[in-house]
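Number of protein chains: 2
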Amino acid sequence: MIKYPTKKKTYRKPRINQSNRGMGLEKLIDEANAHYLEQNKAVIHKKPTPVQIVNVAYPRREMAKITEAYFRKPSTTDYNGVYKGFYIDFDVKETKHETSYALKNIHDHQIQHLRRVQAHGGVAFILIKVDRLDTVFLLPFERLERYLKRAETGRKSMTLAEIEREGYPIKESLAPRIDYLKAVDSYLKTRQKR
Amino acid sequence: MIKYPTKKKTYRKPRINQSNRGMGLEKLIDEANAHYLEQNKAVIHKKPTPVQIVNVAYPRREMAKITEAYFRKPSTTDYNGVYKGFYIDFDVKETKHETSYALKNIHDHQIQHLRRVQAHGGVAFILIKVDRLDTVFLLPFERLERYLKRAETGRKSMTLAEIEREGYPIKESLAPRIDYLKAVDSYLKTRQKR
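Chains A and B supply the protein sequences, listed in that same order. All letters in the first sequence, in the order written, are residues 1 to 194 by our numbering. All letters in the second sequence, in the order written, are residues 1 to 194 by our numbering.
Simulated from the structure, these hints should not be mistaken for lab results. Small disclaimer: the values here were computed from a predicted structure and weren't measured. Keep in mind that a hint or two might mislead.
The list treats identical chains as one, so a pair stands whether inside a single copy or across any two.
Said to hold, decoys possible - Cut-off 30 Å, straight-line C-alpha distance, at most; resulting in silico cross-link-like pairs (DSS-like, lysine-lysine):
id, residue 1, residue 2
1, Lys189, Lys84
2, Lys149, Lys65
3, Lys149, Lys41
4, Lys65, Lys189
5, Lys96, Lys46
6, Lys65, Lys104
Whole structure, please, built from the sequences with the hints as guidance.
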């Protein structure tokens, strides 16, 4: 058999995966966080993407260029910080699905992390944009957890009606556009009542 | 004038700078955090190094290799999380200096961040290893701030005696070796007394 020389293929494709699905909403959350910081309302930041750095070159003095690195698996959620003395921790999701949100989009490491945060007295939730309803909801982890439990033996998703019932809707405002701390306030009120 | 061809220089040097100075202690803090997570005592993580990703190649399907990226300036401290419902936020420092710690080693963005955390009810501090005393101290930001204030017009460093007086010493133990949450407990007790 003759082996023809083959051109070595290099795949270059845009990263379209789960973790990018929340991009549109993420921008709005970054905007809200910048606003909160500036208005001295809260200190909440997005965590950098975890990267394993293998090689760094110095094309010029005082200029470090990373020439080889790999994405590492995150072990937490993307956002955390402090608001009114509370530890705040959340992730951002989006669903374009017409009728429900598949729970498999919330990764195991995120679930485990939010469960721990909740257990240690932090305020754990997800912000989920439901395109069909054109609304962002704050869904407290303690409520989400019931549906994760149900998914073990039954339905693997939450219906939009369930998200509406369990979540706190965030009305779009001017600045910031997604003023999610208002929904945190509403949630904290019900938490304190218990 | 004849221009001789010159070999393009590429500097490759280990990153020896401020941010690496705390490396030895950082490892011990990472160890402590892993221990706390496993023992269900607290959820505290180190933040990833912020990196601006410019180019990603896919030498194989499902394998992303970052081929060009740059270090970004961090806007926060390296560690945060939740302990007993408190938002915890700190950075790690080391001093090999015989008699004092130069305050310029605490960067402006770290000071600004810790000040904000403090204002929003978080527990803000630095962990500082004083080689001379072979001891790690938890130095609450509210106390450190007095010396930052003094540095505006006077002395630009803290003496080791001042660090000993203002800080909470952390005795080395077995597991974890630097059980810094004990010092957090001591600090919280004095905070609550006020």
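Quick rundown of the hints versus the structure:
For the homomeric pair lysine 189 and lysine 84, the shortest alpha-carbon distances inside one copy (13 Å) and between copies (20 Å) are both at most 30 Å. In this assembly of identical chains, lysine 149 and lysine 65 lie within 30 Å of each other by CA distance neither inside one copy nor across copies; the values are 46 Å within and 37 Å between. Only between protomers do lysine 149 and lysine 41 lie at most 30 Å apart by alpha-carbon distance; the minimum there is 24 Å, versus 35 Å within a single protomer. Taking the shortest alpha-carbon separations for lysine 65 and lysine 189, neither the intra-copy value of 48 Å nor the inter-copy value of 46 Å comes in at or below 30 Å.
In this assembly of identical chains, lysine 96 and lysine 46 lie within 30 Å of each other by CA distance solely inside one copy; the values are 23 Å within and 33 Å between copies. Taking the shortest Cα distances, lysine 65 and lysine 104 sit within 30 Å of each other only across copies (26 Å), while inside one copy they are farther apart (37 Å).
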